[in-house]
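Now for the letters of each chain:
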Amino acid sequence: MLRDLLSHSALSEDDRQAVRDLPTRLRKLDPGSYLIREGDVPTHCSVLVSGFAIRLKVTGEGSRQIMAVCIPGDAIDFQNLFLGISDHAIQILTRSVIADIPREPLQELLFKRPAISAAVIHSTLIEASILREWVVNVGRRDARARVAHILCEFAVRLEARELATGEGFELPMTQEQLADATGLTSVHVNRVLKSLETEGLISRRRRYIQFTDWRALQNIGDFSRRYLHMADHDVITQTY
Amino acid sequence: MNEQHPLGPLVRRWSRHSSLTPSDRDAIIALPYVRKTFAKDAYMVREGQRTHECSLLLRGFAYRQKLLSNGSRQIISIHIPTEFVDLQNGILGVADHSVQSLDRCEAAIIPRDALLEIAARRPALRMAMWIDTLIHASIFREWVVNVGRRDARTRVAHLLCELVVRLERIGMGRDGMVDFPLTQEQLADCTGLTAVHTNRTLQSLRKDGLIQLNARSLTVLDWERMREVADFDELYLHQEI
Chain G
1 MLRDLLSHSA LSEDDRQAVR DLPTRLRKLD PGSYLIREGD VPTHCSVLVS GFAIRLKVTG
61 EGSRQIMAVC IPGDAIDFQN LFLGISDHAI QILTRSVIAD IPREPLQELL FKRPAISAAV
121 IHSTLIEASI LREWVVNVGR RDARARVAHI LCEFAVRLEA RELATGEGFE LPMTQEQLAD
181 ATGLTSVHVN RVLKSLETEG LISRRRRYIQ FTDWRALQNI GDFSRRYLHM ADHDVITQTY
Chain D
1001 MNEQHPLGPL VRRWSRHSSL TPSDRDAIIA LPYVRKTFAK DAYMVREGQR THECSLLLRG
1061 FAYRQKLLSN GSRQIISIHI PTEFVDLQNG ILGVADHSVQ SLDRCEAAII PRDALLEIAA
1121 RRPALRMAMW IDTLIHASIF REWVVNVGRR DARTRVAHLL CELVVRLERI GMGRDGMVDF
1181 PLTQEQLADC TGLTAVHTNR TLQSLRKDGL IQLNARSLTV LDWERMREVA DFDELYLHQE
1241 I
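For the protein sequence lines, the chains are G and D, in the order given.
Residue numbers for the first sequence follow the working numbering, beginning at 1 and rising by one.
Residue numbers for the second sequence follow the working numbering, beginning at 1001 and rising by one.
Since the hints were derived computationally from the structure, they do not count as laboratory data.
There could be a bad hint or two in this list.
[What the hints assert, rightly or not] Selected chain G positions facing chain D (Cβ under 8 Å, derived; list incomplete):
no., residue
1, 76
2, 79
3, 88
4, 121
5, 134
6, 218
7, 222
[Stated by the list, open to error] A few chain D residues that face chain G, going by a derived Cβ cut-off under 8 Å, partial list only:
no., residue
8, 1118
9, 1120
10, 1149
11, 1214
12, 1217
13, 1223
It should be emphasised that the depicted structure is a prediction, and the values quoted were computed from it without experimental measurement.
Note that the Cβ used here is the ideal one computed from N, Cα and C, for glycine as well.
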């Protein structure tokens, strides 16, 4: 988490130590388990230490939409400090370690230390920016572009946290989950992945996706990393 | 004084979700700002622009949008008075999308540094800004669901419900009737549909006696049924805070 905050914000050693000193309790969670369900009243805020998780909602008709994929280092429900009831569920994708932080010390930290709370707000804003891009992705891109876009995004986010090399990454999602993230059917996702592979843009070994033509994949996915607001793109990150 | 002051509505809205001291409230009122009027369809922020200001909507409506390389457009959110249309640009630096006025609107343009300064000095205001951001993130999540997994009729109905509830919350609607600023084309760009499909959907909602929609106003006639058709649960708007 500290690394995520430092990726866009300058924090003093004192602030860093305050983050390290937060009381945390580590838990292991298995794939498929829920960290929180829609409508629950949360008692903790958590950080994903390792593993992957998804934010999801189920519509009245029973279909699932994944709205975000959380990667290691993400704060997963700091919103619960203020928003009383969880408006979506968080489900664990792969064997994960979660650090639970009790609300009060976190709240106190954010109240007392402007630089830390500015950094946390910054992370929230980036998360919101990614959500906007997802609205665009499912709203106006065709199936091929949607899938290519999500692969590009995932790769860039993982690389920024040094969790993947530029060559490829292990996709922590099934084709069905990929479908739920892109508003498609899993059959359709399967077909798109195959065609991306046939055209020489990616190659796959089980769930490992290797980029064989990164530039072309970005073009197909209509992908530009501006919305990820990475430090090397935006210079205005030390304003606080 | 707050009652008449252009930033008074912001004080009132933030006071609903955050406990502000009188001096926090005074600090908001003391923010430097310039009032600016935008004609219909004017750009308030352009994608890629570096901004040093944040715009608080005082009157009228605005929307955030992104243009795709294939020329199509997706509207990402609608903004109503008392909301910042671009708080994130002040912090993230580069605008990752454009903001346009939906009708003639008026905004208070506040220098970014002034906002960052009150945020740095006043924890309650910092938290209020964060809560705004969190609520908007929640609305974006719901929009992902809306365009991702709902059928056309449900999508359009859902968007209409959201607008009515948000406008009623700031006192801009009564008995289910609100100002409605969107054209059918814009409604289509909000929901990822074609204008023709949107038109057909609106007709069907009208025919079923759920809504009344004139050039400028929308009335939900049967809120219970509309809510059901729209798969609408306002939990994501976090009205409780």
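Each hint, compared with the structure:
no., hint, result
1, 76, "violated (13 Å)"
2, 79, "holds (4 Å)"
3, 88, "holds (6 Å)"
4, 121, "holds (5 Å)"
5, 134, "holds (5 Å)"
6, 218, "violated (11 Å)"
7, 222, "holds (5 Å)"
8, 1118, "violated (11 Å)"
9, 1120, "holds (4 Å)"
10, 1149, "holds (4 Å)"
11, 1214, "violated (27 Å)"
12, 1217, "violated (26 Å)"
13, 1223, "violated (16 Å)"
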